[in-house]
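Since the structure of chain A is already known, use the hints to place chain B on it.
Protein chains: 2
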Amino acid sequence: MTFTAQLQALSHSRLCVGLDPEPARLPGAWAGDAAKIFDFCAAIVDATHDLVCAFKPQIAYFAAHRAEDQLERLIDHIHAVAPGVPVILDAKRGDIGSTAEQYAREAFERYRADAVTLSPFMGFDSVEPYLAYEGKGAILLCRTSNKGGDDWQMQRLADVPGQPRLFEHLARLAETQWNRNGQLGLVVGATYPGEIARVRELAPTLPLLVPGVGAQGGDAAAVVQAAGRTAPLVVNSSRAVLYASSGADFAARARAVAEATRASLI
Amino acid sequence: MTFTAQLQALSHSRLCVGLDPEPARLPGAWAGDAAKIFDFCAAIVDATHDLVCAFKPQIAYFAAHRAEDQLERLIDHIHAVAPGVPVILDAKRGDIGSTAEQYAREAFERYRADAVTLSPFMGFDSVEPYLAYEGKGAILLCRTSNKGGDDWQMQRLADVPGQPRLFEHLARLAETQWNRNGQLGLVVGATYPGEIARVRELAPTLPLLVPGVGAQGGDAAAVVQAAGRTAPLVVNSSRAVLYASSGADFAARARAVAEATRASLI
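Sequence lines, in order, name chains A and B. First residue of the first sequence: 1, per my numbering; consecutive thereafter. First residue of the second sequence: 1, per my numbering; consecutive thereafter.
So here's chain A without its partners, still in its complex pose (with noise of 0.2 angstroms):
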């Protein structure tokens, strides 16, 4: 099944749960321990996996600590235990030509992912090698919420017609030009409904994946309103869920928080 189809029949759910393994705040025993990163992650998904459409390992937690092996063993876990639910390896690629081709090896051979977020800056041919692997996921990064996203994204461009902000004209040519086999989906930060409307407006097909909701209601709310209904919509929450408690409870209090953000999100 492809990256999209698997999104829709896991419509009971818009939570994807990212796994975001930071050693010094694992809980009990295995804090400071990076040989229990698996452990960790594995007891999130095994307590969370019925309430979720996704889960998105963060690359960079895992290669920071050289525990790429216990990455691969969580997503054959995934796998394993939750065969209907994507993997999304979070790594914001960005890279051309046989570079990338090692990056698409790396994320869908070697990491099993069923998806994989890029960093559009190198254009439409950083993104096309992705795309050679049938029913794969490339999520493309539009518009993020951190200050430094408006130093790009936010820019109007001169020479386009109606002078669209970059991320603007970024999600109508992946709608348009750049989704040649139903792969693409944005990334949209979850901190201006606004511009989740307008993304979705502009790419009415396209999953959207959300970052930065919490546990709290109120955003939640907003950011389904804007998604619409028309496509997908993928919202992360990392550490309000893996951190809910830092004692043996973990999981149960990951899953408290899992059930509150999934319901929050309907």
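Some hints here could point you the wrong way.
Unchecked claim - No more than 30 angstroms apart at the CA atoms, straight line, and that leaves these computed lysine-lysine pairs for DSBU-like:
#, chain 1, residue 1, chain 2, residue 2
1, A, K147, B, K36
2, A, K147, B, K136
3, A, K136, B, K147
What the hints assert, rightly or not - Simulated DEER-style distance windows between Cβ atoms:
#, chain 1, residue 1, chain 2, residue 2, range
4, A, G84, B, T230, 52 to 60 angstroms
5, B, T205, A, H12, 50 to 58 angstroms
6, B, T176, A, A158, 17 to 25 angstroms
7, B, A221, A, Q225, 39 to 47 angstroms
8, B, D76, A, G135, 34 to 42 angstroms
9, B, V81, A, G135, 44 to 52 angstroms
Rather than coming from a laboratory, the hints here were simulated on the basis of the structure. It should be emphasised that the depicted structure is a prediction, and the values quoted were computed from it without experimental measurement. For glycine and all other residues, C-beta sits at the position ideal for the given N, C-alpha and C.
Chain B alone, transformed into the frame defined by chain A:
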């Protein structure tokens, strides 16, 4: 010594050898054997280190083949045999906050690189965490010469005085606002020397990393002239050096190509 000071000290060469090992292209009996990536790259380093101002391993070629351990050993090897030669980890990372901190830790602590390439799509706060590592280099994509490089980098910005192109605005910001501690550099493609000259005009103090010059002298001379002499120029060559021969003489042939390329860049 800082990255920039290392480059300044190596004024006998502007050649950077890119280490992009493709198992299928390894020489002789090593062909197809990903376990020989270290041996191959180490032989290239041993044969060329007196001719270069930097080595640039591209992490995708290691990650696709589960060869992170070989990349660690390779960078240790470079530091051992060529202690003055900086290692640029070509990773084009681009993320913010604690994720960027993890990537910086990966590049500078795990791999002991002297500089890392970054994709600045998320703006200045995706660059800042790397600057916390005193003396380490952060080299930003600015103007790439692939076809998709035009998609955003060449766009003129409607609301910036003078309506510069995005890559021009980036070069100016990097030079005048972002380079607080002398750690930044810029990636500029070799295809259009006029654009290298323009970046140099806007960023006279930043090291420039120019990928994509082969063993041919023509391009090289134009690049050197365009880049001027106000700050270091680092011109990368990967395949022309690495795969100069597929036989037992691969290291000697690599040295010959590196020597010719170095000479063309003086």
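Evaluated hints:
no. : hint                                  : result
1   : A:K147 <-> B:K36                      : violated, 44 angstroms
2   : A:K147 <-> B:K136                     : holds, 24 angstroms
3   : A:K136 <-> B:K147                     : holds, 24 angstroms
4   : A:G84 <-> B:T230: 52 to 60 angstroms  : holds, 58 angstroms
5   : B:T205 <-> A:H12: 50 to 58 angstroms  : holds, 56 angstroms
6   : B:T176 <-> A:A158: 17 to 25 angstroms : holds, 22 angstroms
7   : B:A221 <-> A:Q225: 39 to 47 angstroms : violated, 59 angstroms
8   : B:D76 <-> A:G135: 34 to 42 angstroms  : holds, 40 angstroms
9   : B:V81 <-> A:G135: 44 to 52 angstroms  : holds, 45 angstroms
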